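Novice: The listed protein sequences derive, respectively, from chains A and Y. End of the first sequence = 114 in our numbering, gap-free, step of one. End of the second sequence = 113 in our numbering, gap-free, step of one.
Hints listed in this document are in silico derivations from the structure and should not be mistaken for laboratory results. Just so we're clear, the structure is a prediction, and the values are computed from it rather than from any experiment. Check before you lean on any hint, since a few could be wrong.
[As the list claims (entries may be wrong)] Below, in silico cross-link-like pairs of lysine-lysine (BS3-like), each with a Cα-Cα straight-line distance of 27 Å or less: (1) 106/A <-> 56/A; (2) 71/Y <-> 57/Y; (3) 106/A <-> 60/A; (4) 106/A <-> 9/Y; (5) 14/Y <-> 109/A; (6) 57/Y <-> 9/Y; (7) 106/A <-> 71/Y; (8) 68/A <-> 113/A; (9) 52/A <-> 113/A.
So the chains spell out like this:
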Amino acid sequence: GNSVTQMEGPVTLSEEAFLTINCTYTATGYPSLFWYVQYPGEGLQLLLKATKADDKGSNKGFEATYRKETTSFHLEKGSVQVSDSAVYFCALVPYGGSQGNLIFGKGTKLSVKP
Amino acid sequence: NAGVTQTPKFQVLKTGQSMTLQCAQDMNHNSMYWYRQDPGMGLRLIYYSASEGTTDKGEVPNGYNVSRLNKREFSLRLESAAPSQTSVYFCASSEGWGSYEQYFGPGTRLTVT
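Extracted from the complex, chain Y is given alone in its bound form (with noise of 0.2 Å):
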């Protein structure tokens, strides 16, 4: 069992560079999650997918898109980096939605130039 695995672990993008970041579980979850994290901000959500086929927005969706593309996987999306995107992200994944326990992959760090 890998738990939750992201795609890449560093990246470094100049300002209106897009890319996407991967994120897959293999715990048959339901509901998975993407955070950003930020020097005393704690980590604040952007999008979630509650169930396979829905996605919703977070506390600081915008300039970010997702797809669910199964049950497995969940990306992320900068379509025109800026640096306010620089930070680093954390998808996570939980069996349900409610007070789940949920689990985190080992991150990407990302860096606007």
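Chain A with its partners taken away, still in its complex shape (with noise of 0.2 Å):
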């Protein structure tokens, strides 16, 4: 079936630090991949997204790229701030017509400390 795997937390970073939280998928055919983002007390809003293999995501200086041959989306940013704690959130669409429902990871909480 299809599933979403993303590294367990919380995460904690000093500010400035570089961030990556690890995200790998398994479906078959193509997916569309996602990252979410969820700030206390709030709904989840999209981050960015990729639809085809190689392709990257980038959106608030996180970047993700689309591995099809490592099934693999894992979300970069190169200097976290203090407002980019939240929970982040890894999901896929699944290639095809009969499906167009996310399927998310557990999350991954990210504290970032001054």
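Join the two chains into one complex using the hints; note that each chain is given alone, in its own frame.
Specialist: Here it is as structure tokens:
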């Protein structure tokens, strides 16, 4: 079946540190891949997405590259800020028209200290 | 544009009580979804409506029912609440069915005692 595995948290970093949150997936064909962010007390917001192999999604200094050969979509940011503290979810939509719902990883909580 | 709105924000129920969670979107989206979020579990799909007039079960539909009242509104009903339904519930919508961005509401925190 389709699934998403992301690194366990919590992750604690100092401001301006480099961030990587690992995400791997299991799916047939070419799923679309997403990173969502959830700030405390809020709903989820789309951070970035990629819809085909080798695509790079980017937004607000975050980047992730769709790697078909390693079935991965790791999230990176070169210099984190305190305001990046949130829970990050990797997700996929399976390829094909029979499913359109997001399949989520369990989330990784990031805390950035000043 | 309010986006996706949900009511109520918080609710406490006793076991066996019923309630309906309301969701509305003003983006003219075709597809709508209900998820639940539990610690360490991520979000899991309860029900979805790919288009107005259709609804389908997701991963965890037991104990819930839904109604797509019109294109804007998609409600979730708990007929007889159980402690296992204590969770945060999110409604979402998207332009269409497939690889479209989903927009989430702020959530309803439900506690069943």
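Novice: Now tell me, hint by hint, if it's right for this structure.
Specialist: Here's how the hints hold up against the structure:
| no. | hint | verdict |
| --- | --- | --- |
| 1 | 106/A <-> 56/A | holds, 22 Å |
| 2 | 71/Y <-> 57/Y | holds, 18 Å |
| 3 | 106/A <-> 60/A | holds, 22 Å |
| 4 | 106/A <-> 9/Y | holds, 23 Å |
| 5 | 14/Y <-> 109/A | violated, 31 Å |
| 6 | 57/Y <-> 9/Y | holds, 24 Å |
| 7 | 106/A <-> 71/Y | violated, 30 Å |
| 8 | 68/A <-> 113/A | violated, 34 Å |
| 9 | 52/A <-> 113/A | violated, 35 Å |
In this structure, the earlier hints numbered 5, 7, 8 and 9 are contradicted, and the remaining ones agree with it.
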